[in-house]
Amino acid sequence: SSVEEGKKVNVKFISGHPKPRVTKAVIDDTNDGYWGYDIIEVPSLHALLKEIKSKRNAEIVITSRNGSPFKLKEDELFKSLKSIMNLLIVFGAPKRAVEQILSGEDHNIENYKFILNMFPFQGTETVRLEEAIFGTLAVLNNNLQTDTTKM
Numbered sequence: 100s101s102v103e104e105g106k107k108v109n110v111k112f113i114s115g116h117p118k119p120r121v122t123k124a125v126i127d128d129t130n131d132g133y134w135g136y137d138i139i140e141v142p143s144l145h146a147l148l149k150e151i152k153s154k155r156n157a158e159i160v161i162t163s164r165n166g167s168p169f170k171l172k173e174d175e176l177f178k179s180l181k182s183i184m185n186l187l188i189v190f191g192a193p194k195r196a197v198e199q200i201l202s203g204e205d206h207n208i209e210n211y212k213f214i215l216n217m218f219p220f221q222g223t224e225t226v227r228l229e230e231a232i233f234g235t236l237a238v239l240n241n242n243l244q245t246d247t248t249k250m
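The number in the numbering used here is simply the position in the sequence shown, starting from 1, with 99 added.
Pairs of lysine to any residue, SDA-like flavour, derived with a Cα cap of 25 angstroms:
| hint | residue 1 | residue 2 |
| --- | --- | --- |
| 1 | K152 | K178 |
| 2 | K149 | L180 |
| 3 | K170 | P219 |
| 4 | K194 | R164 |
| 5 | K178 | V238 |
| 6 | K107 | P119 |
| 7 | K170 | V189 |
| 8 | K170 | I159 |
| 9 | K172 | G222 |
| 10 | K152 | A196 |
| 11 | K212 | I183 |
| 12 | K194 | L236 |
| 13 | K172 | T223 |
| 14 | K181 | I214 |
| 15 | K172 | L239 |
| 16 | K212 | L228 |
| 17 | K212 | M184 |
| 18 | K152 | V238 |
Keep in mind the hints are simulated off the structure, nothing from the lab.
Turn these sequences into a full structure, and let the hints guide you.
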């Protein structure tokens with residue numbers, strides 16, 4: 100179907116990399132111009148992570164300025180993803196780091212395998228959430244694309 104130039108559309112992919120196929124493009128005028136994230140609240144981050152790990156067979160990456168630099172854990176992460184193929188990336192909230200959230204639930208962040216600093220030498224106390232999401236996804240995508248032997 101054709102879409103007017105300059106219009107935003109939602110598309111549904113039925114196959115992924117390396118040959119993505121689109122089944123339909125939907126013009127969505129019902130969103131009042133907001134094309135961002137949907138947010139849901141959960142009562143416990145720890146419970147969510149435990150469920151995702153077991154039921155979805157996912158690897159979990161917790162982002163933290165106190166974590167290991169990504170480059171030091173990169174090979175181990177991609178080796179793990181070869182058999183798992185699902186990845187959940189956890190970011191802190193604007194006023195509370197993941198460590199603080201889990202600590203408030205009486206759980207220790209050190210129980211997780213991949214606690215990664217995606218922005219070593221960041222030069223600021225915190226990285227804004229929007230920047231952290233895009234930056235982290237860009238780094239992961241770039242590394243997946245540039246070294247196909249990792250996956």
